[in-house]
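A.B. asks: The chain contents come next:
Protein chains: 2
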Amino acid sequence: MNDKISSSSSSSSSSKKEIGITVKKNDDFSEWFSQIVEKSGLADYISAKGFIVLKPYGFAIWESIREYLDKKLKDTGHSNGFLPCLIPESILNKEEDHFKGFNPEVFWVTHSGENKLSEKLALRPTSEALLYSIFPKWISSYRDLPLKINFWNTALRAEIKSTKPFVRNSEFLWQEGHTVHSSKNESEDQVMMILGIYKNLIENVLSIPTITGFKSNKEKFVGAEYTTTLEGMMPDGKALQLGTSHNLERNFSRPFGIKFLNKENNEEFAWQTSWGTSWRLIGAIIMVHGDDKGLVLPPMIAPIQIVIIPIYKSNNEKAVKESANMLKDSLLELGYRVFVDGRNEYTAGWKYNEWEVKGVPIRVSIGQRDIENKIIEIVRRDNRHKQVIPLEHLGESMEKIFNSVQNDLFSNAQKYLKEKTKRVSNYKDFKKMMDDSEGFAVAGWCGKEECELKIKEETTADIRVIPFDQDVELDKELKNCIYCNELSEKTVVFAKAY
Amino acid sequence: MNDKISSSSSSSSSSKKEIGITVKKNDDFSEWFSQIVEKSGLADYISAKGFIVLKPYGFAIWESIREYLDKKLKDTGHSNGFLPCLIPESILNKEEDHFKGFNPEVFWVTHSGENKLSEKLALRPTSEALLYSIFPKWISSYRDLPLKINFWNTALRAEIKSTKPFVRNSEFLWQEGHTVHSSKNESEDQVMMILGIYKNLIENVLSIPTITGFKSNKEKFVGAEYTTTLEGMMPDGKALQLGTSHNLERNFSRPFGIKFLNKENNEEFAWQTSWGTSWRLIGAIIMVHGDDKGLVLPPMIAPIQIVIIPIYKSNNEKAVKESANMLKDSLLELGYRVFVDGRNEYTAGWKYNEWEVKGVPIRVSIGQRDIENKIIEIVRRDNRHKQVIPLEHLGESMEKIFNSVQNDLFSNAQKYLKEKTKRVSNYKDFKKMMDDSEGFAVAGWCGKEECELKIKEETTADIRVIPFDQDVELDKELKNCIYCNELSEKTVVFAKAY
Numbered sequence: 190m191n192d193k194i195s196s197s198s199s200s201s202s203s204s205k206k207e208i209g210i211t212v213k214k215n216d217d218f219s220e221w222f223s224q225i226v227e228k229s230g231l232a233d234y235i236s237a238k239g240f241i242v243l244k245p246y247g248f249a250i251w252e253s254i255r256e257y258l259d260k261k262l263k264d265t266g267h268s269n270g271f272l273p274c275l276i277p278e279s280i281l282n283k284e285e286d287h288f289k290g291f292n293p294e295v296f297w298v299t300h301s302g303e304n305k306l307s308e309k310l311a312l313r314p315t316s317e318a319l320l321y322s323i324f325p326k327w328i329s330s331y332r333d334l335p336l337k338i339n340f341w342n343t344a345l346r347a348e349i350k351s352t353k354p355f356v357r358n359s360e361f362l363w364q365e366g367h368t369v370h371s372s373k374n375e376s377e378d379q380v381m382m383i384l385g386i387y388k389n390l391i392e393n394v395l396s397i398p399t400i401t402g403f404k405s406n407k408e409k410f411v412g413a414e415y416t417t418t419l420e421g422m423m424p425d426g427k428a429l430q431l432g433t434s435h436n437l438e439r440n441f442s443r444p445f446g447i448k449f450l451n452k453e454n455n456e457e458f459a460w461q462t463s464w465g466t467s468w469r470l471i472g473a474i475i476m477v478h479g480d481d482k483g484l485v486l487p488p489m490i491a492p493i494q495i496v497i498i499p500i501y502k503s504n505n506e507k508a509v510k511e512s513a514n515m516l517k518d519s520l521l522e523l524g525y526r527v528f529v530d531g532r533n534e535y536t537a538g539w540k541y542n543e544w545e546v547k548g549v550p551i552r553v554s555i556g557q558r559d560i561e562n563k564i565i566e567i568v569r570r571d572n573r574h575k576q577v578i579p580l581e582h583l584g585e586s587m588e589k590i591f592n593s594v595q596n597d598l599f600s601n602a603q604k605y606l607k608e609k610t611k612r613v614s615n616y617k618d619f620k621k622m623m624d625d626s627e628g629f630a631v632a633g634w635c636g637k638e639e640c641e642l643k644i645k646e647e648t649t650a651d652i653r654v655i656p657f658d659q660d661v662e663l664d665k666e667l668k669n670c671i672y673c674n675e676l677s678e679k680t681v682v683f684a685k686a687y
Numbered sequence: 190m191n192d193k194i195s196s197s198s199s200s201s202s203s204s205k206k207e208i209g210i211t212v213k214k215n216d217d218f219s220e221w222f223s224q225i226v227e228k229s230g231l232a233d234y235i236s237a238k239g240f241i242v243l244k245p246y247g248f249a250i251w252e253s254i255r256e257y258l259d260k261k262l263k264d265t266g267h268s269n270g271f272l273p274c275l276i277p278e279s280i281l282n283k284e285e286d287h288f289k290g291f292n293p294e295v296f297w298v299t300h301s302g303e304n305k306l307s308e309k310l311a312l313r314p315t316s317e318a319l320l321y322s323i324f325p326k327w328i329s330s331y332r333d334l335p336l337k338i339n340f341w342n343t344a345l346r347a348e349i350k351s352t353k354p355f356v357r358n359s360e361f362l363w364q365e366g367h368t369v370h371s372s373k374n375e376s377e378d379q380v381m382m383i384l385g386i387y388k389n390l391i392e393n394v395l396s397i398p399t400i401t402g403f404k405s406n407k408e409k410f411v412g413a414e415y416t417t418t419l420e421g422m423m424p425d426g427k428a429l430q431l432g433t434s435h436n437l438e439r440n441f442s443r444p445f446g447i448k449f450l451n452k453e454n455n456e457e458f459a460w461q462t463s464w465g466t467s468w469r470l471i472g473a474i475i476m477v478h479g480d481d482k483g484l485v486l487p488p489m490i491a492p493i494q495i496v497i498i499p500i501y502k503s504n505n506e507k508a509v510k511e512s513a514n515m516l517k518d519s520l521l522e523l524g525y526r527v528f529v530d531g532r533n534e535y536t537a538g539w540k541y542n543e544w545e546v547k548g549v550p551i552r553v554s555i556g557q558r559d560i561e562n563k564i565i566e567i568v569r570r571d572n573r574h575k576q577v578i579p580l581e582h583l584g585e586s587m588e589k590i591f592n593s594v595q596n597d598l599f600s601n602a603q604k605y606l607k608e609k610t611k612r613v614s615n616y617k618d619f620k621k622m623m624d625d626s627e628g629f630a631v632a633g634w635c636g637k638e639e640c641e642l643k644i645k646e647e648t649t650a651d652i653r654v655i656p657f658d659q660d661v662e663l664d665k666e667l668k669n670c671i672y673c674n675e676l677s678e679k680t681v682v683f684a685k686a687y
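Chains U and S, in that order, give the protein sequences.
Letter 337 of the first sequence, counting from 1, is numbered 526 in this note's numbering, and no numbers are missing.
Letter 249 of the second sequence, counting from 1, is numbered 438 in this note's numbering, and no numbers are missing.
For reference, chain U alone in the conformation it holds in the complex (with noise of 0.2 angstroms):
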């Protein structure tokens, strides 16, 4: 562990004496983001609307997420690449439906010092455009198929609207991938794999649950064939969207004229996909697992899980602190992220409300008659319980309490997500659920957009997702759609939405 990472964060939240958080989760679900935000030390604001800066202790949880993703993406043959980030507007302009879409929220560069530039670029608001048009040049044949590039970069979307860190920002980290392939069968497979990969990493890694599915054809990806999604509910009832991984089918592959001979010696338009995930993980960490006390993190992607602090007096100081180390060295060897708080300028209780503030999964504190018995006692961050274990046990109680967090978090999560989640099946109830934010509507859908828009019109709420899991079953009850009555042609899950 890089002692740097806490303790130049932590010193700099503690000279400022702001150290817990002091509204509750449920009193006012905002202003208690906004704290955990700036007293758990992860991000800070700058002049400009809508943009943020990710401290050290936020940019490790992007980098635990960030490695456990790249790996994952390694393992199933992508590599990484790298786009400028800006992009001519001729470019941009290529595939019609897309450069309407994010047209409203396009940063312009128009000049180069004080030279007026002969042709507008357009700042990333996401690379299909600009990679595509060079996708042409790198691919002849079948050979040269599947094309599967990845790049950890920032998209820019000037943000009108509220925004919210890690929510809603002009310019935010994210990954997005791009994959070429010579049939449509394998563009699918794709699309799925890595849909099934985000899964992993937002159930398993962040204990968050999700909803997969489709995105309407109102909400998918602009320019794509389909989308598919994972929705998580937050504590406001509200869904946020974690991942999107699109099929492109051949949308734009025409218009850029990406092309290959296939075996027979035809040439093909090729098929394509492209999927992100962006740092709103942190955010859905944020606002899923944190509480009246600051953040929780799950331990598998905490930059520290586990801070020892040592409780000594002046006389017995140097010893303390020597076992504090020791007991370090070894979780280290273990394979934890480890810090020990040694400083002398804050009492212990001081120290246990900062590091609740920044949610590190577990706290050891360790003293003299600790040492002689032989023994520490830990305290678990996210239901705060005590429990004292034997040293000789070290290594099988921290794995079975790691285990533990982090399929507590999750089922917790997963509970919520139940309770919120209704199956409504007349419009009155429906609008009632949506005016109240009582969380997800399950319901029946025509499948016409006409439905869909004077839903969002009369109540805000969007179609989340079509889930892939249809449970014929239980949809039996949901016949028909929710708002003209008509037969339903689907199963949808309706929210509210960031």
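Only true hints are included.
Which copy is meant is left open, so a pair is good if it fits within one copy or across any two.
Here are the simulated lysine-lysine pairs, BS3-like style, with alpha carbons at most 30 angstroms apart:
| no. | residue 1 | residue 2 |
| --- | --- | --- |
| 1 | K482 | K238 |
| 2 | K309 | K283 |
| 3 | K305 | K289 |
| 4 | K482 | K388 |
| 5 | K517 | K260 |
| 6 | K452 | K228 |
| 7 | K353 | K309 |
| 8 | K427 | K637 |
| 9 | K261 | K228 |
| 10 | K326 | K213 |
| 11 | K238 | K309 |
| 12 | K289 | K309 |
| 13 | K611 | K645 |
| 14 | K409 | K305 |
| 15 | K228 | K448 |
No wet-lab data here; the hints were simulated from the structure.
Predicted model, so just to flag it, every value in this text is computed and none were measured.
Chain U is already provided as a structure; the job is to place chain S on it using the hints.
C.D. replies: Okay, now just chain S, sitting in the frame of chain U:
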């Protein structure tokens, strides 16, 4: 090793049937460089001037460099963060000299969608101004210091001069580090520590010798008190600046109000440093080590360190490929990045050429008879020496060869640097040397910017570096300024530069 890095980029170049480099390095250095970049699959261009895309093979080299440097920075107490790429004009403007220095090359965002922004936003040419506008919120006491933060991002500087991939681009990958200290001494140590880390990376990992020292006032970073630099020599005798580490003293902390309470409870302005290195390092690797056959990568950063070419006929294909894969597994276990090129559609000779263009340090071929004799044939990319090693000594032999390649690349480059660095004591010789692009001229300099400017005007050469290593005995010969003949203050290195 991720198979996709090699196969996708290799097959795409293959399908264009442009396999070898068609000009000699000494005949047309500039065309040779372009061909290497394209044919080895490092990078590609977009339609906007000065911007490049990194293909997987090129980005993988950057990933190797980043991984190495990131670890060194974390080990020395630095953490990573994230900064937006847009900087409000008023912030950039706060340190006047700094702003003036970058203004001509700043890209300006003036609109989002159809709307004119109330304040122009600059695309980050470097992040001092933006970051330092936030530091006052993070720092209040000496306990918050030192603050050591690093960013892996890009910088954008509109290049109006001729551009060159990896060397002069309008957007380039780099890292920029920023530190804040409570004393001048500590900031000075930091500047030198970073320069040492860079020197170790460039000389011991990339095998490129450097001359280290100070920049002249004219050449230092805008806003810095002083700049230290590492200069490498390219095969055309020009200098390439490979990294810089700046002491900003209090030149930024004053205008940005970065203050701290010291131990005596008095308020002081803080001491700062900033430093960076970029993908220019890849440009230097290409130029310094490459040869007429293509790229030559130093083993420590090669994405593929060893390529195995199975030599088979249809009757023994399966057995030979199996052995090749077993060899791969052994080498993976030893920690090498290995790729087996088992493609049937290409001959062994064709594959040899392709991997030579891509600069893979070690090529291993294995055929039926080798398997029977328990040997493999190894060819070094750098000097094309061939040797046969018994499989039972695989580990030690490979390690020896790797170290030799790494060292030989360095000593050859160092020999060249020494040959092309000449001490000159009269301006006529100096001028001829610069006219003929003969390399680095070590000469006396009176310290006046006037002479520096005149020399620049008359020869286009700059003072690249005022070496730390001032050899008092030798420098007696150079006791007069090469231009005005007055007593020289320092012995300096002049050269034309990229």
